[in-house]
Amino acid sequence: MVCGALTTEAALGSRRPFDSRIHEARGQRGQIDAAALYRHVLTDDSAISQSHHGCTKVQDPYSLRCQPQVMGACLTQIRQAAEVLLVEANAVSDNPLVFASENEVISGGNFHAEPVAMAADNIALAIAEIGSLSERRIALMMDSHMSQLPPFLVKNGGVNSGFMIAQVTAAALASENKALSHPHSVDSLPTSANQEDHVSMAPAAGRRLWAMAENTAACWPSSGWPPFRGWICARVLPAARCWKRRVICCASACRTTPKTDSSRRILKTLLSFWPRVT
Numbered sequence: 001m002v003c004g005a006l007t008t009e010a011a012l013g014s015r016r017p018f019d020s021r022i023h024e025a026r027g028q029r030g031q032i033d034a035a036a037l038y039r040h041v042l043t044d045d046s047a048i049s050q051s052h053h054g055c056t057k058v059q060d061p062y063s064l065r066c067q068p069q070v071m072g073a074c075l076t077q078i079r080q081a082a083e084v085l086l087v088e089a090n091a092v093s094d095n096p097l098v099f100a101s102e103n104e105v106i107s108g109g110n111f112h113a114e115p116v117a118m119a120a121d122n123i124a125l126a127i128a129e130i131g132s133l134s135e136r137r138i139a140l141m142m143d144s145h146m147s148q149l150p151p152f153l154v155k156n157g158g159v160n161s162g163f164m165i166a167q168v169t170a171a172a173l174a175s176e177n178k179a180l181s182h183p184h185s186v187d188s189l190p191t192s193a194n195q196e197d198h199v200s201m202a203p204a205a206g207r208r209l210w211a212m213a214e215n216t217a218a219c220w221p222s223s224g225w226p227p228f229r230g231w232i233c234a235r236v237l238p239a240a241r242c243w244k245r246r247v248i249c250c251a252s253a254c255r256t257t258p259k260t261d262s263s264r265r266i267l268k269t270l271l272s273f274w275p276r277v278t
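Numbering follows the working numbering, in which position 88 of the sequence shown is assigned residue number 88; successive positions increment by one, without gaps.
Treat the hints with care, as some may be off.
Across the chosen pairs, the derived CB separations fall in these ranges [to be verified]:
#: 1; residue 1: Val186; residue 2: Val98; range: 31 to 37 Å
#: 2; residue 1: Ser188; residue 2: Glu24; range: 39 to 45 Å
#: 3; residue 1: Arg26; residue 2: Pro61; range: 18 to 24 Å
#: 4; residue 1: Arg16; residue 2: Gly109; range: 48 to 54 Å
#: 5; residue 1: Ala193; residue 2: Ala36; range: 53 to 59 Å
#: 6; residue 1: Arg39; residue 2: Pro183; range: 32 to 38 Å
#: 7; residue 1: Gln59; residue 2: Asp94; range: 30 to 36 Å
#: 8; residue 1: Ile165; residue 2: Val2; range: 19 to 25 Å
#: 9; residue 1: Asp143; residue 2: Gly108; range: 40 to 46 Å
#: 10; residue 1: Ala89; residue 2: Thr191; range: 23 to 29 Å
#: 11; residue 1: Pro258; residue 2: Arg207; range: 39 to 45 Å
#: 12; residue 1: Gly109; residue 2: Leu180; range: 27 to 33 Å
None of these hints come from the bench; they were simulated from the model. Just so you know, even glycine gets a beta-carbon here, dropped at the ideal spot from N, CA and C.
Make the full structure from the sequences, and use the hints.
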């Protein structure tokens, strides 16, 4: 969400869609909490927020305006999955079960991992949507008609394609995650002469989450380079460059909020731009 806030600032997005009254009116807890986080990051005044005073701009693109709704829905899915998995982590899922106090052994079906499979499917949907929204914001920053900045955030185009490939990479990873997010819990293949005639596919449902998370999230691989992977990285770098290009084009101190500026400065200490990407 910090990346989303940074993008909102860089794209000169309005803060009005994060107004608490909008989200309280709907009543979705995840959405309310997501909007609160955006307000926390964007709460301080800045030159960008001041640019909206008295302006006639009413509606930003959905990828900016609907961030609390989308991210809030994802947050709800993750929270629900966490509740299920916490119960399962403390559950008795063996078979048969021995009830010593009653001196009885009962064969049941607690081994069936349907709750885990469905929780994993919900997490997969959330990861895919987080990435999908991220990719759309990258595309917004690349489009000069939407950003009012040079195409692909590069001054001298032509041979220098700027951040074009960052968006292409994000689109490829987003599409890969769409395929990976197909629910595994609806699949089943009988085994053991049809004795085990309905299974959860929970192991596969959980295993693909690692690939989806790697596709989406910034991380530090063991090799130490590249320091970021996935299209969260592919978004935060263009967002930082979009902000810098905004300053150059405006020929003024296009000051962001202290919190978004802090995240941009942290990024600057981790990565440096190739000199020709200007």
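Hint check results:
One distance hint, 31 to 37 Å for the beta-carbon pair valine 186 and valine 98, holds here, with the actual separation near 33 Å. The beta-carbon spacing between serine 188 and glutamate 24, approximately 42 Å, falls within the hinted interval of 39 to 45 Å. Distance hint for arginine 26 and proline 61: a CB-CB separation of about 20 Å, consistent with the stated range 18 to 24 Å. Take arginine 16 and glycine 109: their Cβ atoms lie about 52 Å apart, and the range 48 to 54 Å holds.
Taken as a hint, the range 53 to 59 Å holds for the pair alanine 193 and alanine 36, whose Cβ atoms sit roughly 55 Å apart. Taken as a hint, the range 32 to 38 Å holds for the pair arginine 39 and proline 183, whose Cβ atoms sit roughly 34 Å apart. The given range of 30 to 36 Å is broken by glutamine 59 and aspartate 94, whose C-beta atoms sit roughly 55 Å from each other. Between isoleucine 165 and valine 2 the beta carbon distance is about 24 Å. The supplied range of 19 to 25 Å therefore holds.
Evaluation of the 40 to 46 Å hint for aspartate 143 and glycine 108 yields a failure: the beta carbon distance comes to about 57 Å. Take alanine 89 and threonine 191: their Cβ atoms lie about 26 Å apart, and the range 23 to 29 Å holds. In this structure the supplied range 39 to 45 Å holds for proline 258 paired with arginine 207, their Cβ-Cβ distance being about 41 Å. Distance hint check for glycine 109 and leucine 180: the Cβ-Cβ separation is about 28 Å, which falls inside the suggested range of 27 to 33 Å.
Violation of the numbered hints given earlier is confined to hints 7 and 9; the remaining hints are satisfied by the structure.
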